[in-house]
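Following the hints, position chain B against chain A.
Each chain, letter by letter, is given below.
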Amino acid sequence: MQMRSLAGRDVFFDSEGFLVDPSQWSEEMADQLARESGIGRLEESHWQVIRFIREYYLQNGRAPLHRELKKGSGMPLMEIEGLFPGGIKMGARLLAGLPNPRSCGM
Amino acid sequence: MKKVRLTINGRAQQFVIDPKRILLDLLREDLKLTGAKQSCDRKGQCGACTVIVNGKAVRSCLTKVGELDGAEVITVEGLGTPQNPHLIQEAFVLSGAIQCGFCTPGMIMAAKALLDEKTNPSVDEIKTALRRILCRCTGYKKIIEAVQLAGRFLRKELTPDEVRPDPNGPKIGVNHPRPSAILKACGVAEFSADVKVQGAAELAVVHSPQAHALIKSIHTAVAEKMPGVIGIMTAKDIKGTNRLKVVVADRPVLCDTTVRYIGDPVAAVLAETREQAVAAAQAVEVAYEPLPVIKSPTEGLAKDAIQIHSDQPNLCYSQPQIRGDAEAALAQSAFVVESDFSTQMNHQAPLEPEVCVSYLEEGDEGEEPTLVVIGRSINIHFHLGMLQGALGYENMRYEEAYAGGQFGIKIDITSEGLAAAAALHFRRPVRFIPSLTESMYLSPKRHPFDMKIRLGADRQGKLTALAMDYVVDNGAYLSAGRAMVFRALYMLSGSYYIPAVKALGKLVYTNNPWGSAARGAGPPQANFALESAMDMLAKKIGMDPLEFRLINSLKPGQPKSTGRVVEQWPFPELGEAIRPHYNRAKREAEDFNRKGGPVRRGVGLGTHAFGISMSGDSANVAVELEPDGGLAVFAAAADPGEGNDSMFIQIAAHLMDLPMSKIRLVTRSTDRTTATGPAAGSRMTYMVGGAMVDAIQKLKSAMAEVKATTYDQLKAAGKPTRYMGTKKNQDAAVTIDPTTGLGPSFESEVHSIQMAEVEVNTQTGDVNVVKVTTAVDAGTVINPQNLEGQLEGGVDMGIGYALREEYVAGQTKDWITFRFPTISTACEMENIIRETPRVKGTLGATGVGEMTMVTTAPAVTNAIANACGARVRHLPAIPAKVLAALGKS
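Which chain is which? The protein sequence lines are A and B, in order.
Positions 10 to 115 (my numbering) are the ones given, in order, by the first sequence.
Positions 115 to 1003 (my numbering) are the ones given, in order, by the second sequence.
Bound conformation, chain A alone (with noise of 0.2 Å):
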C-alpha cells in the first residue's frame, strides 16, 4: 500500500495500483492515471466504459459483469478489453476507481 498525491489530494493505492478507498476517485485522478499507465489522453470511448463502469459500482456496489458492460456501454467486449492496457478488469476498473477485483483485504 502506498500514498501519492494525485490530481490535487492525498490518495492510499494498493500493491497493484487500485485505488484503496474507492470514494476518492475523481475524474482529473483518472487522466492522470491514464497518461500514466501509457494510454495518454483519454478519449470519448475510453470515457464511456469507464463512467458506465463507474455509475453501475455506485448504483450496485459491484463491478459489472462483462455482458453487463457490453449491454451498458454498447461496445463489443474485445474493443473495451484493447482499449484499456490490462484490460477490462485490470484496466478499465482500474481507471474508473474501482476496488481491486483480486484482493480479499488480507
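For the record, the hints were derived by calculation from the structure and aren't laboratory data.
Be a bit skeptical, because a hint or two may be false.
Straight-line distance between alpha carbons at most 25 Å, and here's what the computed BS3-like set of lysine-lysine pairs gives [as the list claims (entries may be wrong)]:
hint, chain 1, residue 1, chain 2, residue 2
1, A, K98, B, K842
2, B, K178, B, K157
3, A, K98, B, K359
4, B, K1002, B, K654
5, B, K653, B, K885
6, B, K669, A, K79
7, A, K98, B, K353
8, B, K812, B, K776
Per the computed footprint, the stretches of chain B lying under chain A, defined by three or more beta-carbons under 8 Å from a beta-carbon of chain A, are [unchecked claim]:
hint, segment
9, 439-450
10, 834-840
Please read all numbers here as calculations on a predicted model, not as lab measurements.
Cβ atoms here follow ideal geometry from the backbone N, Cα and C, with glycine treated the same way.
Just chain B, lined up with the frame of chain A:
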C-alpha cells in the same frame, strides 16, 4: 432385489429395491426428501440422518431398507411445514436452538421419539436420547432447552404464541425468530447437496498420498474405460491460471507438476454416479517422485531445506512488534515468568461436507453460457473472481446455498474450483459431494503456533513487559496465513496495558495441510500463551488471578500493543460482574477438595479484548424502497448460521418502522448483491450492519427532504428509491509498520472474561469441565438468543480445542478420530451480558462470533493448574499431558 412396503410420512408405498440399500439413500435420492442429512460418510457418527422408524429414532445411514418391510417411517418433513409446523419444530425455532441447521432435523426427530414416550424428560434423559447427534454451532445448551420447551408445549402448559415475541413490538434486544430457522426445522432449507440438478454427473477426486513429490505421470486409460465414466480431468484441462489466489497464487485447482501435502488434488473423475466416479478415481494411476518432506517450521527454516514454492521462500512472512524497551523492562521487573506453549493443528469441523454444484446456464442467443456455482462460500464476489482467474472463464455466477457450519473454513474455496472446472470442461452439470475424509483433505486448517513468552510485573503486580516469539506452521499454501500472524499482533496485549512489548511472528511453509481462517484466527493461539502466563505470573507474585487481571486492565487513553490509544474499554466492569460467580466457584472448589480423593476441582480464568473491523475494512449495502412500502436489502452477506438474517431484518424494521415481514433480504447471488466482504472476522453486525444503517439513513433523508412517506410519493418527487450505504474503518489504508508492528489496531473490541470450573482425575488425567461462565460486553444486543448462541457454541468449541480435538494428517479421517464434542461432553454454561454502547457500533453493537473461542482454552488449562498444579502448555490437554504435567508420565 426385494419388494418392501413402507409407510413414509403417512403415505403407504412399495419399493422393489436392493435390500441392502440404506434408508438415507432411499429418502434423499429416491424420494428427494432433503430433511435427513449426511455428514459422516454413512458411519453412524453424526446422527444428522436420524429419522423415526416404528416409533424409535434410528440413524437412517445404518438402516437397510430390506429389513424394514411393513415399517412406518417418519422424517422431519412428516412432522410439519413452515406454514403448519409441529410443536417440536416451533420449540426449536423459539429456543434459538437452530444456527446452521444441518443437525436440526436429526435433533428434532430424536426429540420427537423421546417426547412421544415421555413429555417431561429430565436433562439426563434428553442427553441420552440426543447423544448420537452432533452439533458444532450451539454447544447443545439451547437444543436441550428446546426439547424442554417442546415438552411444555406438548403438555399444554404453554403455547408457541405465548413464547413468540410480538412481531409488532420492539425490534432491538428481542428474540424474534430467525427467518431461516423454520425452513431448517422443517427440512426444506436447501443445502448444496439438496439442490436438484437434472442430469447431474458426479465428481470424485484423486488425492495425493504423498506429502511432497513431483508428478511424473498420470495414467487414466484404465479408469476411462470403467462403467459410467464420462471423463477424467487433469491440470492441463484447466484453461485459466489453475491457481486459487488469496494473497499469493500458490494453490492449484489440480496439481500440475508437484504435490505439496497429503490430500492435494491431482485429478478428477466425472461419472454418471458417485460410486462409479469413486471407483474410477481409485483406478487412476499417478507416478510420483518423492521430494524431501518439510514436516515442521524448524525443518522449513533450516539452511539446506528444500524450497516448497520456487517463487516464495519457506519463511513466507514475518512481522515484529516493538514498543518501548521490553528487554530492559524485563531485566528490571520484580517478577518474570518465562515459558513455551504450543497449539495444535485443528479442523474447524463444520458438519456439512464440502459440497458444490456447478452447471452451465444457457444465455441469450449468441451469448456464451453462464457458469453457475452453487456452494458454501462466505465471500461470493471474491471467490467468483478467484474462480474466473483460475478457470479462465469470465461469465460466471456464484450462489450461496444454505451452509452447514463455517467457523472460518469457508474463507477459502475448496470444492468449487474442482466442480466448476469439471462443469466447464465436460459441459455437464456436476455435483461434487466429497466424503468427510476428502472434505478434511480439501479444506484449510487452524494453524498450529509454537510460542515462547516472557511476561514481567513490578512489586505492585503491574505488568511491565511482554516478549513473545511465535512460529506458525503455514502448511503447503499461504491462503490467509499472513493474517493469522498480524491479527495476533494487533491483539497481542489482550485486555491489558503492557508498557513494553517485543514480539516476532514468523510464518513458514511446510508440507503439512495448509492453514487458514479458523474461528478467532490467530488470537486463540497467542492468547492461550498470554493468559497462561498471566496465571503463572499471578501465582509467582502471590496475587489472586482475577485481581491481577483487573489491576492490569487497559484504560481509555492508554495504548494497546500496537500503540493505538483506545477510547472505550469496559473490561473492569466485566471483572466486577463475574466476581460473585468467581467467589462462589472458588468456595465450591475448596469444599469439594476438602473431601480429598484423586479428583480435584479447580477454577480458571481467561480474558480477551477481541478486535472487530481491521484497518482497511469497508462494507457497502444497497437498500431499495419497494412499491408496497417494503424494503429490499442487497448485500452478499452470507449467513452460515450466526443469524445475520435476524440482524439485518430486526435493524431494518426498527429503523424503517416496518413489520419484519416487509424486509426482504437479497444476499445469496453475485448477480444481485453488493460485494461487501467476507462473513468473517466477526464483522457482519459492525461493518455490514453499519453499512445498511447508512443506506437506510440516506433513504430516510431523501424521503424527509420531499416529505414522502410512501414509495409513490418518493417516485413522484423524482427521487431514487435505491440508496447505497457504506461503512469504512477509520484507518482506510494504514497497516502496522513492517519494522515496528506499531500503528492501527481494530476499530472496536468485544470484551470477555470467562471462568472454567473443572474436575481433574489425578490418577487418569481425565478432565471434566463442570461449568463455564462467560461475562461479555459486545455493546447493544440486537437478538439476545443469537448472542448467547454464539457464546455457548464458542465455549463448546473452545473446550474441544482445549481438551480433545486435533487434526493429524493421515490419521484424522472422521468425527471419531477428530474427537468431535458431543452432548455428553457439553458442560453447564452461564452468560453474563453487559451492553456498553460502542461509539462507532451499529446501533451501539459490535461483533461477537469468535470471541468466546479465544478465552476458553486458557480458562480450562488455568483451571486444571488451579485444581492440581498441572500446567499443560501444549494443547490439547489430553489425559497423557495432564499426567505428564503432574509428573506421572
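These are the hints, each one checked on the structure:
{"no.": "1", "hint": "A:K98 x B:K842", "verdict": "23 Å, holds"}
{"no.": "2", "hint": "B:K178 x B:K157", "verdict": "13 Å, holds"}
{"no.": "3", "hint": "A:K98 x B:K359", "verdict": "16 Å, holds"}
{"no.": "4", "hint": "B:K1002 x B:K654", "verdict": "24 Å, holds"}
{"no.": "5", "hint": "B:K653 x B:K885", "verdict": "23 Å, holds"}
{"no.": "6", "hint": "B:K669 x A:K79", "verdict": "56 Å, violated"}
{"no.": "7", "hint": "A:K98 x B:K353", "verdict": "18 Å, holds"}
{"no.": "8", "hint": "B:K812 x B:K776", "verdict": "19 Å, holds"}
{"no.": "9", "hint": "439-450", "verdict": "violated (count 0)"}
{"no.": "10", "hint": "834-840", "verdict": "holds (count 3)"}
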